[in-house]
Each structure stands twice: as C-alpha cells, then as structure tokens.
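Following the hints, put chain L in place on chain E, whose structure we already have.
Those protein sequences? They're chains E and L, same order as listed. 1 is the number of the first residue of the first sequence in this note's numbering; add one for each residue after it. 131 is the number of the first residue of the second sequence in this note's numbering; add one for each residue after it.
Be aware that one or more of the hints could be misleading.
Taking lysine-lysine pairs in the DSS-like style, the calculated list, with each CA pair at most 27 Å apart, reads [what the hints assert, rightly or not]: (1) L:Lys-194 with L:Lys-578; (2) E:Lys-105 with L:Lys-609; (3) E:Lys-5 with L:Lys-578.
Label pairs and their calculated CB-CB ranges [unchecked claim]: (4) E:Asp-51 with L:Glu-228: 23 to 31 Å; (5) L:Arg-601 with E:Asp-24: 41 to 49 Å; (6) E:Leu-114 with L:Met-304: 29 to 37 Å; (7) E:Gly-99 with L:Lys-457: 49 to 57 Å.
Please keep in mind that the hints were generated in silico from the structure rather than gathered at the bench. Glycine included, C-beta positions come from ideal geometry on N, C-alpha and C.
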Amino acid sequence: MGDWKTPPELKYTDSDEWFAVDGDVVTIGITDHAQDQLNDIVYIEFKDVGDALDAGDSYGEVESVKAAAEMYSAVPGEIIEVNAALEDSPEIVNADPFGDGWMVKIRATDLSALDGLMDAAAYDAYCDSR
Amino acid sequence: MLQPLIYDIGAPGRIGVNLPPSDVPEAEMPVDLLREDLPLPEVGEVQVVRHFVKLSHLNYSIDKGLYPLGSCTMKYNPKINEDAARLPGLAQLHPLIEETGAQGALYLMHELQRWLGEISGFDAVSLTPAAGAQGEFAGILMIRNYHLDKGDGQRDIILVPNSAHGTNPATVTMAGMRVHELPSNEQGNVDLDALREACQGEMRDRIAGMMITVPSTLGLFESTILEVIDAVHDAGGLMYMDGANMNALMAVVKPGELGFDVMHYNLHKTFSTPHGGGGPGSGAVGVNEKLRDYLPGPIVDVVDEADESGAPLYGFVMPEKSIGRMKAFHGNFGMHLRAYAYIRVYGDSGIRDVTRYAVLNANYLRAKLMNTYKLPYPRYCGHELVLEGHFDDVEEVHALDISKRLMDYGFHPPTNYFPLIVPEALLIEPTETEVKEDLDEFVEAMEKIAEEARSEPDLLLNAPHTAPVRRLDEVLAVKQLVLCCAPALPAAGE
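Extracted from the complex, chain E is given alone in its bound form (with noise of 0.2 Å):
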C-alpha cells in the first residue's frame, strides 16, 4: 500500500472524505490519499453556512494544479461552519488534511448514512484496489 495516513476513528467515502462525528455536528475533510492524488491544491470554495444538504450533496469545490473535484457530504444537515481559512490558504490541506484542513461542520439532520460508510481498513484496501 501507498504511504498516505488513514486515522482510525474516522469514516470515509468512495469518493475520498473523511467524517468526524461529535454528538449531532459532523465534521467533513478530504483524505490523506485525496490530497495526495490531487497534489497542490490551489483553490477552494464552499456553500455557504446556513445551506442545507441532503446526503450526497456537494458542499464544496476544491481545485487543484491537476484537477478540479466536487466534495460531497454523505450526512443531511445545515452546514454550520466552514473553515474559511483555506480560502486563502487551501494549501493547508496538502499540509494536514485531517487535522487544520478540516473542510465544513455540518449539524446533521439523520445520522444513520455514516454506518454505510467504510472504517479505516476498508479504505485502505479500497485505495489499494484503485
């Protein structure tokens, strides 16, 4: 396998985000293994707070030197905050996707879409398989 990170306590997508749950507020990033792939991430843009998302929806858009790609929310909800610091320095997430490069809070409406997600070591094997 590559040598990106996968935190353990997180749930993650096939479409590379990574979900933090804290009693009803979801926090959303792209993986280790997305920022990887998309290398130098120059731009990024979110919905603003106070939109809702049904699960599936796009709350963001982040752009890269290689590529530009929706970031989708697998839980419904209002977004609540989003971290408007990558706005002006979106090169955060390359530096620590996981932790200040954080993307959006969400205060989700229905929490059960997470249990469909997969746990650290199925998206390991997942990114593997690509």
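Chain L only, in chain E's frame:
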C-alpha cells in the same frame, strides 16, 4: 536563454527605416494627446528580425517535431492551406460586401457545409461557432429550444459520462441546465446499467439529452454506442456528440447514421486549421432534421436556383427558429477556407486514409509502450491512447515528471492528468502525419525515461534540463494571476 523585451534592446533615436524628408510643414501634436507612459521601442531592422527569430526558436511547434497532446489533435497544418487563405480575392474580402460581390466565398462556405454534413451524416451544418466550446453551447441551446417548443420545458438534465471533456458539463451549466454524471465501466465504456437506470427512473421526463465524445477521451470507441443512443432517445432525450475526436472516425463512421442528433466539429483539430496559439478555432455544428431549423446563423444557402443561363445565387439565411448568432459576421472565415482546402486536397479516399493512419499510429505506440507503461484499458484504441505515468517500484515519479523529461528528448509532452478517471494519465495522440521513424524515436525516449526513473530518478524529478526555462511553479501561476502586463490604472479618487 531568456530574451530581453524589445523595449530593453533599443536606444533613443535608433530607427528601422529611413523616411524621405517631409515636404509639408510639421504640425505639433496636441499636448493632451501625448502620453509619457507609452514607450515605443526604438530599434534597427536587424535587431527586430533577430529578436523575433530568437523568440521563435524558443517556441515548440508542430513544424519542429512530434506534438502528441492527446485530445487536442495537434496535426500538421499543410502549407497549401495558408496559400489558399492568402489568395487576395479571399483574404481582402470585406465582411460587409454585398452578397452578389462575394459569390466565390459563399460558394466555398456552402460546399464546406455540404461536405461536413456528408462526412458525418448530418442534414445541415452551420459554420458560425468560433470554437469547440461555442459549438457545444450552440448544440445544447438547440436541444433546449427543441424541448421548449414541444412544451417539454421540464427537460433540464443532460447526461454526461465521467470521462467527458470538462467543457461538456461547463456547457450544460452555461445553458442553464443540469448535469447528471454517469460512471464508466471496466472496458472504459459508459456504464449501461447506470444509463438505463437514469433513463427509466424518476428523472426520465427531465432528460433533455446526453453529451458524449466518440471515441471517448480514453481514446476508446464506445462499443455499446447504439444501445446508449437508443436508451436516451427512448426517454425522449436528444444525443449530442462532442466531435473533438472525429479524427478517429472521418469517412469511416458517420455519427448522424449512428443516431446522433447534433455534433460539433473542431475544424482546428480534425481539419488541420492551426490552433494552440497559431490561430482561432472553428466549431461548426451539424444537425439532423429535428434540429435543422434551430441552427445558429447565418448559414449559406442557394437563394436563387440556377437556370440554364448561369450559376445559382448564394446568400446568407437565418434558419426559421435559429438560436441566433454566435459571433459577428460569419464565423472564422479564414478557418473555413483552410478546412475547405484540406478536404479538397485529400478528397474522399484521402480523408479515409487520414483516419486510418491516425488510428494505426496510435495503436503502434500502444503496442510498443504497453509493456513499459501501464495500459489501463487493454483494448485497441482510436486515434489516441492513454497510459498511466507512474511506476509501482518508484513511487516518487509522477506523470508530470515523465512529461517534463520528454522535453529534454525534444518532444512536446502529452496531455497530463486527463481523463480524470485514469490515475497519472498520459494521453498520447500522434496523429496521422508521423512516419514510423519518428514514432520509433518517441518510443525510444519513453523507454529511456522508464529506465531513468529506476536508475536516476532525479533526472526526471528535476526535468526539464534543456528547455528555455526549468520547472515552472504551477501553484504560484494558478494562485497569483497576472493577466495584464501594465500596472493597473489607479481607481477614481485615488
């Protein structure tokens, strides 16, 4: 190797031409029309010539060597096209001349419309869109208006495969419609199950159509294209073909006969008119009977049939329900001329040979390189092939490093990181004009680079070593845009 600006190589009073002494009194320029901030280079003729010749030597072009930029079809631009475009009777034609004074030009555009229709199996063609993206925009607007006229205003979804050119979803959004993305299957084709689910599920009545590139951006012919077209038509949608890869189909497959309703041609790719800095594009659109009346205009038609005494009279007409004009006047006429000359020179069987050699050359490279580089889809390819630019045993080397190293071997790099669904993609399109010796040189360079990746990876990671500039800072280039060479004017009140 960097060259100074022309402003920095002159000296006050130095001139390039000697004018005779003025035989009329000199008039002073009004002071308020004189600008201090607009320097003019003061240089001799020989300095000007050397300056621009040196700059031209720094440039890489198709006249210098292989330019395998996949999906861009950087094919050779035959010089006879340039001769045709410079014929004074055509080059000096004023766009506002009366139609009776431009019958030759109108005839030529009419012929080109007819030939493009014949080549792709469409009933009518408009030459006006200025480039491929505008051709796409015209196509999607026609599809939208077609549905609106039928009272189907709820049809607002365009299906787009995930291998599509980025312009496709952008076009859909520009036209005020929505994109529904479809996955690809293991063979690189559109996933038929996902397509049928979309066409038969709850979004069925909202499907306006589908945009698809054939061959796909993976360089692969959509082997289930007839099923794809049937599924979309069955849901009431129309089929748009992105003609960017038409170089693999010309005179062999007619998209109109496959069932497509509309497509755009890139005259600047398939029909050899210069692009990539060498000239404007031209994105003609072809349609079947369903969309004929919606074409952007004006198009050229016979406005007065020939009688026994003379030739027919050609004129510009706007189709009945036209989506309107895409561009001032008649599109990029200089490109129409070159495309006309290209088709005329090759003729029917020659055009078919263009396609055959384009496909043969790409498959030759595929066969030669598939054991050195990963080939994600092990099938015969069309006019281009996609490889993975990375090696399991040297993880630090990426597609970009391979491309930069290719420059040291005297080749233009292939397209990098597109299509997005292939990791570290290298999309290589040799085009039909390359001979075997040139293809072999490219193969040899690619093989050497693969060896170097193992023996001396720094050669790749620090490449290019011989280009006018070394590795550029792409992050800085994207984040700090400098779009104007002059300092911005101070805002009012400052």
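Tested hints:
1. L:Lys-194 with L:Lys-578: holds, 21 Å
2. E:Lys-105 with L:Lys-609: Holds - the C-alpha atoms of L:Lys-609 and E:Lys-105 are around 26 Å apart, at most 27 Å.
3. E:Lys-5 with L:Lys-578: violated, 33 Å
4. E:Asp-51 with L:Glu-228: 23 to 31 Å: violated, 57 Å
5. L:Arg-601 with E:Asp-24: 41 to 49 Å: holds, 47 Å
6. E:Leu-114 with L:Met-304: 29 to 37 Å: holds, 36 Å
7. E:Gly-99 with L:Lys-457: 49 to 57 Å: Roughly 51 Å apart at Cβ, these two residues keep to the hinted range, so it holds.
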